[in-house]
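Please build the complete structure, drawing on both the sequences and the hints.
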Amino acid sequence: MAFVNLKKKEVQVKIVYYGPGRGGKTTNLEYIYKKFNARIKTEMVAIKTHGDRTLFFDFLPFDIGKIKGYDVKIQLYTVPGQVKYNATRRLVLRGVDGIVFVADSMKVRREKNLLSLKNLQENLSTYKKNIFKIPMVLQYNKIDLSEHGIPLLSPEILGKDLNTQLKAPSFEASALLGSNVVATLKKSISITMASLKKELK
Amino acid sequence: MDYTLGQKELDSMEEILQKDLIDLGVHCVFLIDMAGNIIVNLDNGDIEHDIYSLAALAAGNFGAVSAMARIVGENEFSLLFHKGKKENIHFSKVMTDFLLVTIFGRETSLGFLRLKVAEAIKKIKVIL
Numbered sequence: 001m002a003f004v005n006l007k008k009k010e011v012q013v014k015i016v017y018y019g020p021g022r023g024g025k026t027t028n029l030e031y032i033y034k035k036f037n038a039r040i041k042t043e044m045v046a047i048k049t050h051g052d053r054t055l056f057f058d059f060l061p062f063d064i065g066k067i068k069g070y071d072v073k074i075q076l077y078t079v080p081g082q083v084k085y086n087a088t089r090r091l092v093l094r095g096v097d098g099i100v101f102v103a104d105s106m107k108v109r110r111e112k113n114l115l116s117l118k119n120l121q122e123n124l125s126t127y128k129k130n131i132f133k134i135p136m137v138l139q140y141n142k143i144d145l146s147e148h149g150i151p152l153l154s155p156e157i158l159g160k161d162l163n164t165q166l167k168a169p170s171f172e173a174s175a176l177l178g179s180n181v182v183a184t185l186k187k188s189i190s191i192t193m194a195s196l197k198k199e200l201k
Numbered sequence: 001m002d003y004t005l006g007q008k009e010l011d012s013m014e015e016i017l018q019k020d021l022i023d024l025g026v027h028c029v030f031l032i033d034m035a036g037n038i039i040v041n042l043d044n045g046d047i048e049h050d051i052y053s054l055a056a057l058a059a060g061n062f063g064a065v066s067a068m069a070r071i072v073g074e075n076e077f078s079l080l081f082h083k084g085k086k087e088n089i090h091f092s093k094v095m096t097d098f099l100l101v102t103i104f105g106r107e108t109s110l111g112f113l114r115l116k117v118a119e120a121i122k123k124i125k126v127i128l
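So the protein lines, in turn, are chains L and P. This note's numbering puts the first sequence at residues 1 to 201. This note's numbering puts the second sequence at residues 1 to 128.
Accuracy of the hints is not assured; some may be wrong.
Unchecked claim - Result set (DSS-like, lysine-lysine): computed pairs, CA atoms no more than 27 Å apart in a straight line:
#, chain 1, residue 1, chain 2, residue 2
1, L, LYS129, P, LYS93
2, P, LYS125, L, LYS9
3, L, LYS73, P, LYS93
4, L, LYS128, L, LYS112
5, L, LYS197, L, LYS133
6, P, LYS8, L, LYS8
7, P, LYS116, P, LYS8
8, L, LYS128, P, LYS125
9, L, LYS7, P, LYS93
10, P, LYS83, L, LYS48
11, P, LYS8, P, LYS122
12, L, LYS8, P, LYS122
13, P, LYS125, L, LYS7
14, P, LYS86, L, LYS48
15, L, LYS7, P, LYS19
16, L, LYS7, P, LYS116
17, P, LYS123, L, LYS7
18, L, LYS8, P, LYS19
19, L, LYS8, P, LYS93
20, P, LYS8, L, LYS198
21, P, LYS8, L, LYS73
22, L, LYS7, P, LYS8
23, L, LYS8, P, LYS125
24, L, LYS118, L, LYS107
25, L, LYS9, P, LYS19
26, L, LYS68, P, LYS8
27, L, LYS8, P, LYS116
To be clear, the hints were calculated from the coordinates, so they are not data collected in a lab. These figures come from a predicted structure and were not determined experimentally.
What follows is the structure, encoded as structure tokens:
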């Protein structure tokens, strides 16, 4: 549940980028940070290992202006994708309002996507949250790799694997080049805000 | 975890933190929940820290330390302290779901701060 401060007229919304390791969650945030640099007043926080893998989380806060007189502060987080860091993932999910699931389109990562989605469902359930109810957007990342001759899964196969039951909005994207990164984020913000509005009524 | 705090509660918490901590020379103080949301924040007007990032990191940090506590057989470490050259940070748990973070300089001694933080928390607990 988002944090609403009635005194300061401020809403803090937490959106978490989830997905398998090396899938491009941090790259999504880095692109957003670069693109909206002028509007984001603070630095992006990244806690990485020496090998540039996310160790704890990345954090990027920014304002999207006022909605019904309330200042809306969006807080983007990523989780570490590596299987062994599950305790950290669960920690970051605490108080989550919306999820962007970044799936890896590479054929060799098919299994990893499924495992990560299953793991998300388990971790959400520890906070009594339902994966089918939480506002979620799927992103099929790395489509730029097809130009380099790397075998990719088609969006149909990815959709069948991951989205048959969820029926969430999905985007083919390249976090590295920035295609559909902003579209993914906008969709996530809009469905998360819509769901909050419903909850607050 | 769901909680609701109205204007009155927030006002009284601000008053407590102002009187017990800021007025005594603490640079900046904020109360956050374990998801990293800021509930109340106050400073002495001289500093410009990015408190949203600080809050996110503080909540994460505390989560990590709690996990460490469990590994060594403790239920929790209820307070944390980081010492710097000019600024120090003190974290103290408030009940199970909240964290009071205090940033203070060399002019304030740790013992005095701990005493004041404990007093403020006692008063805040009544409100939360």
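Evaluated hints:
1. L:LYS129 x P:LYS93: Measuring from Cα to Cα gives roughly 25 Å; hence the hint holds.
2. P:LYS125 x L:LYS9: holds (24 Å)
3. L:LYS73 x P:LYS93: holds (25 Å)
4. L:LYS128 x L:LYS112: holds (24 Å)
5. L:LYS197 x L:LYS133: Cα-Cα ~14 Å, so holds.
6. P:LYS8 x L:LYS8: holds (13 Å)
7. P:LYS116 x P:LYS8: Measuring from Cα to Cα gives roughly 23 Å; hence the hint holds.
8. L:LYS128 x P:LYS125: Given that 27 Å is the threshold and the Cα spacing comes to 26 Å, the pair holds.
9. L:LYS7 x P:LYS93: holds (23 Å)
10. P:LYS83 x L:LYS48: holds (22 Å)
11. P:LYS8 x P:LYS122: Measuring from Cα to Cα gives roughly 18 Å; hence the hint holds.
12. L:LYS8 x P:LYS122: Distance ~24 Å between LYS8 (chain L) and LYS122 (chain P) Cα, so the pair holds.
13. P:LYS125 x L:LYS7: Roughly 19 Å between the alpha carbons, so the hint for LYS125 (chain P) and LYS7 (chain L) holds.
14. P:LYS86 x L:LYS48: holds (26 Å)
15. L:LYS7 x P:LYS19: Holds. LYS7 (chain L) to LYS19 (chain P) sits at ~19 Å (cutoff 27 Å).
16. L:LYS7 x P:LYS116: Holds, at about 25 Å.
17. P:LYS123 x L:LYS7: holds (20 Å)
18. L:LYS8 x P:LYS19: holds (20 Å)
19. L:LYS8 x P:LYS93: holds (24 Å)
20. P:LYS8 x L:LYS198: Cα-Cα ~26 Å, so holds.
21. P:LYS8 x L:LYS73: Between LYS8 (chain P) and LYS73 (chain L) the Cα gap is close to 23 Å, so the pair holds against 27 Å.
22. L:LYS7 x P:LYS8: Roughly 9 Å between the alpha carbons, so the hint for LYS7 (chain L) and LYS8 (chain P) holds.
23. L:LYS8 x P:LYS125: holds (21 Å)
24. L:LYS118 x L:LYS107: holds (18 Å)
25. L:LYS9 x P:LYS19: holds (24 Å)
26. L:LYS68 x P:LYS8: It holds: about 22 Å lies between the C-alpha atoms, which stays within 27 Å.
27. L:LYS8 x P:LYS116: Measuring from Cα to Cα gives roughly 26 Å; hence the hint holds.
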